[in-house]
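Q: Listed below are the residues making up each chain.
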Amino acid sequence: MNTTAPAFGDTVYALTFALLLLAPLAIAGVALINTGLGRSRSAAQALLGNLAIVAVAALAFAVLGAAIAGNLFPWGFTIAAAGKPWNWLGAGPFLLHGLESAAPQAQLAVLFEFMAAAMAAMIAWGSGADRLRLAAGCAAAAVFAGLIFPLFAHWTWGGGWLAQLGANFGLGAGFLDVGGAASVHTLGGLSALVLVWIVGPRTGKFPKEGLSTAMPGHNAVYVLFGCLLALVGWTAWNAAGAILFLHAPLAVLAGTTVNTLLSAASALAVTFIVTRARFGKPDASLCANGWLAGLVTSSACAALAPAAGAIFAGAVAGLITPLLVELLELALSIDDPSGAITVHGAAGLWGLLMAGLFAPQSGQFLAQLVGIATLLGLALPLIYLLFAMLNRVVAFRADQDGERIGMDLHELGGGAYPEFVIHRDDSYR
Amino acid sequence: MKYAGLLVLPAGFFLTLAALVLFDDPERRMAFVVCSLVVEAIGMTVAVRGHMPQRKAGRP
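Just so you know, the sequences run in chain order A and B. Mapping of the first sequence onto the working numbering: residues 164 to 592, in sequence order. Mapping of the second sequence onto the working numbering: residues 89 to 148, in sequence order.
Hint data in this document are derived by calculation from the structure and do not stem from the laboratory. Some hints here could point you the wrong way.
Pair by pair, the computed Cβ-Cβ distance ranges are [said to hold, decoys possible]: (1) V395/A - L95/B: 37 to 47 Å; (2) C123/B - A471/A: 44 to 54 Å; (3) R137/B - R567/A: 38 to 48 Å; (4) R567/A - A106/B: 46 to 56 Å; (5) W238/A - A106/B: 25 to 35 Å; (6) Q524/A - V126/B: 39 to 49 Å; (7) R116/B - Q524/A: 15 to 25 Å; (8) L495/A - M118/B: 28 to 38 Å.
From a predicted model like this one, the values you see are computed outputs, not experimental measurements. Beta carbons are placed, not taken as given, at the ideal position from N, Cα and C, and that holds for glycine.
Using the sequences plus the hints, can you model the full thing?
A: Right under this line is the structure:
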């Protein structure tokens, strides 16, 4: 998967550009979901954090990330091992030098990567809700968008060694990451896991005795409206990814879009049924998580699967989501307010597997497994190492006072809802 | 414990690379890659368990 093959006509360029203009709606949707699933006393800090992270990620990617991702020009560092070339690092110009003279397809790929870097960097922010400092979130976003994301983006989208698995080892078309299920969502979900490990749970979440304390999101309307916004952005994102990285003809775009919707729809339906069966009533935040998990799954396989396959993939994502969210919280003591580890990490991995199953080329499933092994075996420890080092420079966690009065007052000096009376929290008695 | 788990993860990744380099036969390659994923799963389990006691104790 690289961006050098077939030439782009004006129509395809215009269509892809138009699709990429809609993609930020997915970012807006996830920002609303992140905010709504946190507490009311941290709402302004949460939404400002999303905005700041998008800004920092864009700057970090422009300054350093785009050079590492190396999608603008086909340059890269290659080593030879076992008689095969392993392209492991992009060597593009810093600060997007020469963007205007690059091929149209490469320019659009860079635009796609800007959106992807912003989205991926934002995913972990929701998991650190109510205790992660704004400065730490921005610093983590800079490291993520400047170093970690571009490295993986080069391997998958920039003609790197994962993309070359097909040419070098006969594994299908190489690792397929059409809509960013790996480079954006799984990578973002893994960074959320690392961040939760480093920053720890919210105060009072896991008391020394008894079950974990329920800390529901403060605004289901934000969350559910965010899901609807995300759908618009995701359909555009998946279609643009199919054109750019799968070189799909325009005739398949309607099918890709339908599959995106079907995957999300089946995931929501299954999550609705599961939560109703378990709790007696459907759970709004888990249903939102299910919907988003279906969209994340579609990022990997919407352009490759038949309609029935998209429904199946989404349904399994919708089944896994509420069960895994519960498992992480109750059994593994992982405090993930936005559910990003499940929604982006687990659903992304599931989608990548499904892409291997539905892709027509032989050996594709193995290529997907190699990509998954790289995400878990290399990306996760790398993120942990970098975030742990960063935590020593910029403390991730707010102090006790910040958690008690809320991140809005603590970091911004004013709340998102100044007329509301903030109820006393039982966990601080 | 948590660092031990995180160190096991790259071991799984290098097994994957070894599978690509050492084997031409798709079935052997698949078996080796699956084994590397099992190693990574063990590493993940250890890392998750290593982080758990800290959380169970909670913050005062």
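Q: If a hint holds in the structure, say so; if it does not, say that too.
A: Evaluation of the provided hints:
| no. | hint | result |
| --- | --- | --- |
| 1 | V395/A - L95/B: 37 to 47 Å | 43 Å, holds |
| 2 | C123/B - A471/A: 44 to 54 Å | 32 Å, violated |
| 3 | R137/B - R567/A: 38 to 48 Å | 30 Å, violated |
| 4 | R567/A - A106/B: 46 to 56 Å | 51 Å, holds |
| 5 | W238/A - A106/B: 25 to 35 Å | 28 Å, holds |
| 6 | Q524/A - V126/B: 39 to 49 Å | 25 Å, violated |
| 7 | R116/B - Q524/A: 15 to 25 Å | 20 Å, holds |
| 8 | L495/A - M118/B: 28 to 38 Å | 30 Å, holds |
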